[in-house]
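Asks: Respectively, the protein sequence lines represent chains A and B. With positions in the first sequence counted from 1, the corresponding number in my numbering is that position plus 40. With positions in the second sequence counted from 1, the corresponding number in my numbering is that position plus 13.
Certain hints may be false.
What the hints assert, rightly or not - With a straight-line cut-off of 35 Å between C-alpha atoms, the simulated DSBU-like cross-links for lysine-lysine are: (1) 16/B to 49/A; (2) 69/B to 54/B; (3) 49/A to 80/B; (4) 70/B to 49/A; (5) 53/B to 49/A.
Rather than coming from a laboratory, the hints here were simulated on the basis of the structure.
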Amino acid sequence: DSGVTQTPKHLITATGQRVTLRCSPRSGDLSVYWYQQSLDQGLQFLIQYYNGEERAKGNILERFSAQQFPDLHSELNLSSLELGDSALYFCASSVAGGTGANVLTFGAGSRLTVL
Amino acid sequence: EDKVVQSPLSLVVHEGDTVTLNCSYEVTNFRSLLWYKQEKKAPTFLFMLTSSGIEKKSGRLSSILDKKELFSILNITATQTGDSAIYLCAARGYGGSQGNLIFGKGTKLSVKP
Chain A
41 DSGVTQTPKH LITATGQRVT LRCSPRSGDL SVYWYQQSLD QGLQFLIQYY
91 NGEERAKGNI LERFSAQQFP DLHSELNLSS LELGDSALYF CASSVAGGTG
141 ANVLTFGAGS RLTVL
Chain B
14 EDKVVQSPLS LVVHEGDTVT LNCSYEVTNF RSLLWYKQEK KAPTFLFMLT
64 SSGIEKKSGR LSSILDKKEL FSILNITATQ TGDSAIYLCA ARGYGGSQGN
114 LIFGKGTKLS VKP
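Next comes chain A alone, as it looks inside the complex (with noise of 0.2 Å):
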């Protein structure tokens, strides 16, 4: 166990709809990144967050947003789904922010299907 809890581990929805995964960063961890991994393309930078605030923005589709809360927790939103959002989300944290000296630790990921 990593430390960084994700939820929900499987899910699968329909084209059009919209979910929201949820992640825990370890304990003591300030910093929360999101990665998209699929088959062709590998890991994908999403978004990053450091202690409430936006620090980072990778490929993030504008149908997509993240925030991150007070007791540090972050939710990634995913919206008007299409085929090719099927992927695996990660989570990750960090203690700092942007250092570029951090070691992410990733959570076991969230997969998502869409039909």
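Please build the complex by placing chain B on the supplied structure of chain A, with the hints as guidance.
Replies: Below, chain B alone, put in the same frame as chain A:
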């Protein structure tokens, strides 16, 4: 555009073999390079390298970074079936939007008994 390229994409070896996995990177204001092992789900951390020429070692695994040639290698000696996994290399720049890991597509290692 920042990128990380790993080779080979897949590799099949027999137990006891030694393997070398390659990772080249182009990252603005490079800060660190990390190796992860992904078996079933969550990538688990192996090494973080920030300085050239200093080997990091953990059991049968070792890794080294060359900041001049912009690459790193991960060596696994006396491979075991439990080493079968996808090995991910990731590079990070310093600060701001570059402060996040750029991952390669991984090398899938299969170790046959």
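Asks: Work down the list of hints and note, for each, if the structure agrees.
Replies: Right, here's what the structure says about each hint:
no.: 1; hint: 16/B to 49/A; in the structure: 29 Å, holds
no.: 2; hint: 69/B to 54/B; in the structure: 25 Å, holds
no.: 3; hint: 49/A to 80/B; in the structure: 38 Å, violated
no.: 4; hint: 70/B to 49/A; in the structure: 33 Å, holds
no.: 5; hint: 53/B to 49/A; in the structure: 13 Å, holds
Taken one by one, the earlier hints fail for this structure only at number 3.
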